[in-house]
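Chains as they are written, first to last, in this note's numbering: chain P, 1248 to 1545; chain Y, 1248 to 1545.
Just so you know, the hints here were simulated from the structure itself, not pulled from any lab data.
For glycine and all other residues, C-beta sits at the position ideal for the given N, C-alpha and C.
Only true hints are included.
Computed, partial: chain Y to chain P, Cβ under 7 angstroms: (1) E1358; (2) T1370; (3) S1389; (4) V1401.
According to the in silico footprint, chain P covers these stretches of chain Y (three or more CB under 8 angstroms from chain P): (5) 1268-1281; (6) 1411-1422.
What follows is the residue order along each chain.
There are 2 protein chains.
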Amino acid sequence: MEYEEYLTQAMTTMAEAVERQLRDLLPVPKGPEGRLVEAMRYSMFAGGKRLRPFLVVTSADLFGVDKKYSLRVAAAIECVHCYSLIHDDLPAMDDDDKRRGQSTCHKKYDEATAILAGDALMTLAFEILADPATHPDALVRSSLIRALAGASGVHGMVGGQMIDLASENEELDMGEITRLQQLKTGALICFSVEAGGILGKASEHMRHLLHGYARDLGLAFQIADDLLDYGGDPEEVGKATGKDAGRGKATFVSLMGPERARRQADILADQAIEHLREFGDKAILLKGLARFVVDRRK
Amino acid sequence: MEYEEYLTQAMTTMAEAVERQLRDLLPVPKGPEGRLVEAMRYSMFAGGKRLRPFLVVTSADLFGVDKKYSLRVAAAIECVHCYSLIHDDLPAMDDDDKRRGQSTCHKKYDEATAILAGDALMTLAFEILADPATHPDALVRSSLIRALAGASGVHGMVGGQMIDLASENEELDMGEITRLQQLKTGALICFSVEAGGILGKASEHMRHLLHGYARDLGLAFQIADDLLDYGGDPEEVGKATGKDAGRGKATFVSLMGPERARRQADILADQAIEHLREFGDKAILLKGLARFVVDRRK
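Model the full structure from these sequences, guided by the hints.
This is how it looks when you write it as structure tokens:
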């Protein structure tokens, strides 16, 4: 219990720090384009766990990286995450009206503004990473950008979203769902952890361990998400639940049933923690997070 | 006349080279995400003058940059240009059914696929630039990325698009229209020329000259575009004309009238050419291009 409080506290502190960073990076300009930045800020500061930023900063901490660097990378990744949510919520995509208990970006503004806000957030992510303020070593910056682009494009997040759309009325099997999720949500989670290793110029071996952790964590996270959609309280979750079943969408829960899915998420969390054994107590937050993502109720 | 043929030939050769490059960079993957890449390729290989790639390669040539580098940068910028067209054509934006004489991406596929294809093309642009194959010096790669992101985001292309949407029923004056166009189309044209300077590690002075050229060229290009919309033949232009007037949109032509706009475009082309005087005959293609953009009929 004491430990859980420690993690929650660390997550809150980190979320606040990354939000300060993001506010600095998103000043509202004068002129008609100000509305665009307002829409970006509206979606960006709608709450959220800031899980990916937490992963960046916490994994960078393993290697003693200055937070002035890792917080900027954390902000960049949150821009990508936020852009993906704005575009996913669009009428042509998932057509969602609510996100984190408030109107989605296209509902609050309009579709055109939401499309552009997403585009601009993605662009901002790369602009942040390419800025020398993010790391003095250009090779580090370039490696971060390459890894982020790889994780977000056709062979990552956007590809996963395409598979998701294409398979709305298809019966996916476990292998296919796992692949879909590894692209759609897993790739960006993996990058978040990988970014810490890039910033810290970690050894191949260390990066390998981090990657194993991130892979299991990402899958555990997704199964927990499916469980929340299946059985969560919409008030607490902050968005409509039961959507997947309503759309006849195959999920880990629809394929395995809730009990097996729950067990599977627990096993994955244990595995994730096991990958970090070598890091000992230094990795206590990352280990705690693995438990947190499967136990969370929103 | 002989000279014009030389330029046209060079543009065709360069367009073919950059298209080969793009085909290599866009292999269609197996699985349901293949549709996404098909949509990207559909829009990417719909023709087009490849003006921005031509600017990259030709300005890089001034500094003797190996084409294996400049062609990759050219491909990246064409990805950004193409993504912006796909998103601009969406029903929530300009709602265009035709582009370069064929159905727009969302008409040929669907809106969701078009949104994702745009997203994936933008991501690909940064992935290309961050790849060591684009330039062995990470500082060059990082500078290219920073400049491209700056030119494409809130303070560039996307910001310009936002202003354009926000001012559909506003009376813009010359200053406002100039600013809109400098963001919406000018920024990416400036980056294309700037990229040659970055790749060639050009001196501050050289970059300054190139920037002056690109600024005038961009504006001349936009006025010529407005003139085509005003008086062009839809068959020849490859898309509907008279759209701006139909929407009551202020353009350079609506503010200045076609004769003054034509003269202004000519003056800007002359100015653009003048900026490159120091480069002498080495800049013959860039100079010719300035004439070409104002004289083109599509």
